[in-house]
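Kindly generate the complete structure, drawing on both the sequences and the hints.
There are 4 protein chains.
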Amino acid sequence: MALRQCLDDVEASARQILPPFAIRYFSCGSDGEQTLADNINAFRRIRLRPRLMRDVSKRDTSTTILGQKVSFPIAISPTALHQWAHPDGEHATAKAAESMGTGMVLSMYSGSSLEEIADCAPSGLRWLHMDLLSNTDVMKYIINRAENKGYTGIFVTLDRPVASKKRAPNIVTKAYGRFPVSFGHFQGTDTPYKSSDKYTEHSDGINTWETIDWLQSITRLPIVAKGILTAEDAREAVKHGVSGILVSNHGGRQLDGVMATIDVLPEVAQAVKGTGVEIYLDGGVRLGTDVLKALALGAKAVFVGRPILWGLALDGECGVKRVLKILQEEFDIAMALTGCRSVEEINADLVQKGCTCVAKL
Amino acid sequence: MALRQCLDDVEASARQILPPFAIRYFSCGSDGEQTLADNINAFRRIRLRPRLMRDVSKRDTSTTILGQKVSFPIAISPTALHQWAHPDGEHATAKAAESMGTGMVLSMYSGSSLEEIADCAPSGLRWLHMDLLSNTDVMKYIINRAENKGYTGIFVTLDRPVASKKRAPNIVTKAYGRFPVSFGHFQGTDTPYKSSDKYTEHSDGINTWETIDWLQSITRLPIVAKGILTAEDAREAVKHGVSGILVSNHGGRQLDGVMATIDVLPEVAQAVKGTGVEIYLDGGVRLGTDVLKALALGAKAVFVGRPILWGLALDGECGVKRVLKILQEEFDIAMALTGCRSVEEINADLVQKGCTCVAKL
Amino acid sequence: MALRQCLDDVEASARQILPPFAIRYFSCGSDGEQTLADNINAFRRIRLRPRLMRDVSKRDTSTTILGQKVSFPIAISPTALHQWAHPDGEHATAKAAESMGTGMVLSMYSGSSLEEIADCAPSGLRWLHMDLLSNTDVMKYIINRAENKGYTGIFVTLDRPVASKKRAPNIVTKAYGRFPVSFGHFQGTDTPYKSSDKYTEHSDGINTWETIDWLQSITRLPIVAKGILTAEDAREAVKHGVSGILVSNHGGRQLDGVMATIDVLPEVAQAVKGTGVEIYLDGGVRLGTDVLKALALGAKAVFVGRPILWGLALDGECGVKRVLKILQEEFDIAMALTGCRSVEEINADLVQKGCTCVAKL
Amino acid sequence: MALRQCLDDVEASARQILPPFAIRYFSCGSDGEQTLADNINAFRRIRLRPRLMRDVSKRDTSTTILGQKVSFPIAISPTALHQWAHPDGEHATAKAAESMGTGMVLSMYSGSSLEEIADCAPSGLRWLHMDLLSNTDVMKYIINRAENKGYTGIFVTLDRPVASKKRAPNIVTKAYGRFPVSFGHFQGTDTPYKSSDKYTEHSDGINTWETIDWLQSITRLPIVAKGILTAEDAREAVKHGVSGILVSNHGGRQLDGVMATIDVLPEVAQAVKGTGVEIYLDGGVRLGTDVLKALALGAKAVFVGRPILWGLALDGECGVKRVLKILQEEFDIAMALTGCRSVEEINADLVQKGCTCVAKL
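Protein chains in written order, with our numbering: chain H, 2 to 362; chain C, 2 to 362; chain L, 2 to 362; chain B, 2 to 362.
Please keep in mind that the hints were generated in silico from the structure rather than gathered at the bench.
In this text the structure is predicted, and so the values were computed from the model without any measurement.
Where hints are given, some of them may not hold.
Same chains, same names: a pair is fine if it fits in one copy or spans any two.
List time: in silico DSSO-like cross-link candidates among lysine-lysine, alpha-carbon distance up to 27 Å [said to hold, decoys possible]: (1) 59 - 240; (2) 274 - 354; (3) 240 - 354; (4) 141 - 59; (5) 301 - 322.
This is the structure:
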C-alpha cells in the first residue's frame, strides 16, 4: 500500500506557511462562494465506469494543446501575484512547468515581465493571458512583445466585464498597501508607456465579440476564449474564429451562482463538436480522476490555478513540480484503472450518465 | 479586489444591537420554520447561465412598478412595528426609500399614520398595505385617506384568513406588554373611530374573491394581491381585476411547508402570461443575483422585508439606504456579468432548467 | 403572534421526566432506525399548495372512521405498556380520547383489560388491536369479549410475522425484570385461561390471508389491516373483505428500510380506489399540516402513537388531551390556511407533485 | 424486544482492540475514500417493499454458489493479512466458515498456505483468490495445488492492473517493517520456487481477456471474474467463459469515484441474464436487509470482507462466526418480514424503483 501525498495535503501545508491575507486572497470566491465550492463538489457527483482487462502496461499521458505537445493534459491557469505565494514568483512557476513538460498561461498581473519569464524557462511552453483593457494600444503592445518572445497563444478573459464582489475581509486591501505589487510587464523593458497605471485599467464592459475580431487582426497567435459557460457563447466564440475555449467560471471569483465547470462542460463540448476548436476546463480539478472525467466529457486538457499557488507557497519551483507530478501520477493511475492506454481512448462511456443509483430520494 | 458588505453582514450586526424579543419577532417563521429557510435555500439551488461579450458599459437598472418608475426593481415589503427596530420607525424607512428612488408598502401596523409617512417623504413612491378586516367601513375609511395622500396602490394580504402558529418563545408576548405599540393610522388624525381596537380585528376567514371586487368598487387605486402561491389562485386574481400579484408566503410566517416563492414563481408567471398583470415576489431575496433570478423567472420586481428591518435597526434611515444600495449594486454587477444592459434583457435563458449536473444521486 | 406548544415540545418535556429504559423503549426503531427517521422527514419533503379567498370562517374538522363520527381525523394507534409512561396507563389515554371526541385502538398489550377500559370511558369510541397469536381460541375469546363491551372494530397487525431486531441497549431488557408488566386482558375478568402466558405467544409466521377470512368468520366487527405498504397487499386485503387499511410500518419498529408511510400512501390509495375501503396512516405525524398532507394523499384519518405516550408521560389524561388538542388546532389552522372548510374539501391539488423546485442538483 | 448486536457493534469493539496501523490498513480506501463510503450509503438509499401474510413459519436461507450448497447466501471475500487481525489468522476464518456452512475465498496474501487452510477446515467450502502475476508459472503452480486440495473455484481479481493510491498515513508502511508478514502459499510446502518474492510481483497491466482464456486452459475449476462494474465487461467475461461474476470495487480500495456495487448490480445482472453465469456482490454489506436487497437486484450471493476481519480481531474463530451468525439471523428476519420462504422467492418487486417519495427537492 503505497502512501502518497495528494493536493489537499499540499494546500493544508501551504496554509500553515502563508500569511492570512495571502491565503484569503488566493482562496476566496465572490459573494457567497457557492460556485467556488461547487466546482469541487461537482466532480465528486460524477461516477466512473472503469473498463478492465486491456493491456495498459504501456501508457502515454501526453497530448497536445493548440498543436503543441504536453506530457500530460494538465497545464497552468493564469493567476495573479505569485510573489505573494513565494519570493521567486512566476519564475518558479514557469521553470516547474518547463521541467515537467507542460505549459503555463502567464497572467497579465505577473510580477515579472513576459520577457523575463520567457528567458528564465526558454524551452517552456507558454501562453499569454489577456484581460480586456480600456487602452487597446497597450494590449497590442504587449501582444506584439509576446509574439516575439515565443508565446504561442493568447488566453483572453471574457467573464470580467466588471469586477465582481468579494467578501474577503479587508485584511487583503490593507495588504495591498503594505506589500505593494508591481505588475511586471512594464518593468525592465523599454516601454513607450511612462506609467503602468493605465495598464490595469479595465475596459469596463465595453467589449463585444468584435473585440475578438480585432484581436485576431493584430496577432497571428491563436486566441483562446476564457470564461465561457453556455452553448450559445461557445458558438459565438467559434463564429469569431477562436482556436480554443476554456470553460471557466474564474475559479468562482466572478459571477457566483453559475454552474460548476465540469457540469457545464458537456453542453459546451456538444456545441462546438466538429469545428476543430479545442475545449479546456479549469475550476475544481484536484484529483487525477477529475482530469479523466473532464477529458471523458469533452475537454482536450484541464488547467489548474490554486493548487499551483499552494505548491509554490510550500516550496517554490519544487512545490509546483510536486503538484504537477501528483496530478500526473494520479491521472496515469486513473488511465490504467479505467483501461486507457492513451488520452485518445478516454471517452464518454467512462462516465455514468443520469441517475447513478437504484432509487433516489 | 473590492471588499464590500453584504446583507448577511447587516443582519449579523443588527442582531448584536437589537433586544432578543425584537430579533425573535422579526426573524421567526411559523411552525417548524421550514419555509422560512427554504425561501433562501431555493435561490441557492438555481444556477445562472451568464452571457458574455455584450457591451454592458452602460446599464440601466430602472424599471416600473404599476406604471411608476423605480431606480431598480427592488422595493420594500410591508412589515409591522418598525419602532421595535429603531425609534425613527417607518419615517426612516420611507425617507430611505424616497432617497433611493424606490417604493415602500406601508404596513397597516405602522406606528405612524399614513398621512405622517406621506408628509415625511412627500416625493416618495408609496403604496398601502391592507389586511382584510372585519369592519369594512374602517378599510374604506383608510383607503380613502390613502388615495388623498398620494398612495398609488393597495397591497392586499390574502394569505392570512386566520393567524398561523408561531413557536417564538413567549419573550415576544411579554414584550407586547412592556413595549406597547400604538398602530398609527388612527393617531394624530381626525378619525370618526373613537378607538383603534376594531382596526386590528381580522375578518377571520370570511373573505372570498368578492371582497376583491368590493375593494375595486371603493377605490380607483390598483390592487395587488399578496400571498398567491398557485396558478389557480393567480388566474382567480386576474379574473377579479387585480393589477399585480405579489408571490409571497408571508416570509414563512403563515402556512409552513409551502413552496419557496422563487420555486412557485414560474407556475404563477405562466398562469398570468399575456394578461398584463404584473408579478412580484418577496421572500428570501438576499443577493443581487437573487433579484436577477426572480426577474429571469417572470417577476417584474422583488420586495424585501427582513433585510430592511436589519438595516433600520443598525442605523435608521442610513441603514435602510445601505441595504437598498447593497442590493442595487449587487444587482447591477449581476446584470453586467450576465450580459444585460437593461432589466428588459433579463430572460429565462439566464437560468439553468432541470438537472444542473452531469450525474445525480 | 400567538405562542403555542407543539408536539416536539411535549416530547422534549416528557424525556425530562421518564426513566431511560422507558424513553428507549418508546422511542426506538429496529436495526439502524432509518425508517423511524424517514417517517418524519418524508412529511417535510412534501410541499403544500394553499388556496386562498374561500370563506373559511366556519370550519368543520370532524369526519368518520368506520362509519363513526370523530371530532377530527386523528385517532390513537395501539401502543403497549402505557404504565411505563404514567401510572394511570391506558385508563388516562382512553379518557382523554373520549373527552376529545376521538377513538383509541386498545393494544393487546394493555395493562388494563379491555373491559376496564370500556368501563372507564364508556362513551368513548374504541377499537381492539389484535396481534396474530398461535392460539386461535384465545383470539376468539378476546374478540367476543370486545364485541360485548362496545368495541367497534378490530385492527389486526399484519407486519409482525416474526419479531424484528432492535438495538436498544439492554437497559430495556433489565427493566422488564424490575418493572414487570402484567398484560391486562386476562386480569380481573372471569377467564377460562389459567395463565396469560399463551396470550402473548405469537403465531410465528404461519398466517396467510386465510387468517383474515377466519377472523371475518368469528366476528361481526369490521377488520382493519394494519401494516400494509404495497399496492399488491392492499388489493389482497380488499379481496379478503377488510373494511379499512392502516398504512403503517409499525412506527419503524419492524422491517427497517421500508418507505415512509406518507411516501407509500399514494400507491395504496390508488390501489383501493373505488372499493369503499377506508385508508388510514400512522408513522411520523407530528404537525397539523402532516394530517392535512395525509388526507390530501388519500387517507381518511391518521393515527398517532409515540406523541400520545409523551403526553401521557407528562401529565396523564391531561397530557394526552393536550397532544390531541395541539394536533386538532394545528390541523384546523392548516385547513383554514389552505382554504378548506371541511375534510371533504382536502384533496390532492393541495400537494405539490414531482420536483418542487426550478432546478435540482 | 430482543436486543442483539449488529455488525457496527463488532467493528466498534474491534477498533478498541486493534493497533492503529491495522485499523488503518483494514479500513482505508483509495484517494478520497468516496467509493468506500458510498458502498454503504447506497444500500441505505434503497427502499424495501415487504409482502405480508405469507406462511413464513418455515424458512430456508440456503442456496448454492457455483453449484455447491451454502447455508445462507453470504460468503467470505478474499482479504490479506488476517494475522494482523488475530494470531490465528486465516485458520480461524476458515474454521468459522466451515462450521457456519458457508465458503471462504482464500486470499493470495494468506499468511498460511492453501494446503494448511484446506487441512484445518477439511469439509469447508473453499475457493482460491488469484491476482494476475507477472510469472504465469507461479499462477499455474498454485492453481494446480488448489485443485489437489479441494478448492472448487478461482476468484480472479481483474480490477488491479496497477496499484491504486492510498492516503493511509505512513504508520502502515512502518508497520510492514516492524510486523513482517510472510505470504503463506510457499511456506511449509515443497515448492520449486526458492523465494516467494516473485510471487507477489504483479503483472503490471499486461493482462487482457486472453489471460482468462489461458486460465481456463490450465484448470478445470470454474473461474469467477472479480471487480466487474459495467455491462460491457460483464458481457466480455461471459464471452470468455467465466462461471461467475463478482461485482466489486475492491472495497473502495482501487479506483475511487466508481459507483457503489449495489448501484451497479442491476446493470450487470441485466447484461448476463439468461447466460447461467452467477452474479455475486461485495462492498458495503452490513445488514441482513443489504443481503436481501442484493439478491432482489440480481445477486446469487454476497461476499463480505471487512466485517469478517473485525470479527476475527475481536475473538478469532468465534468472532468470525458471530459476524456470520448476525448476518444470517438478520437475513432470515428480513426474509420473514418481506414474505419470503426461500431465497428463490426474493425478487425485484421487493425493491422500490425510481423516486421513493411523493415530492423531491
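Hints, verified against the model:
no., hint, result
1, 59 - 240, "between (40 Å within a copy, 26 Å between copies)"
2, 274 - 354, "both (19 Å within a copy, 22 Å between copies)"
3, 240 - 354, "between (30 Å within a copy, 26 Å between copies)"
4, 141 - 59, "between (45 Å within a copy, 25 Å between copies)"
5, 301 - 322, "within (21 Å within a copy, 49 Å between copies)"
Of the numbered hints listed earlier, not one is contradicted by the structure.
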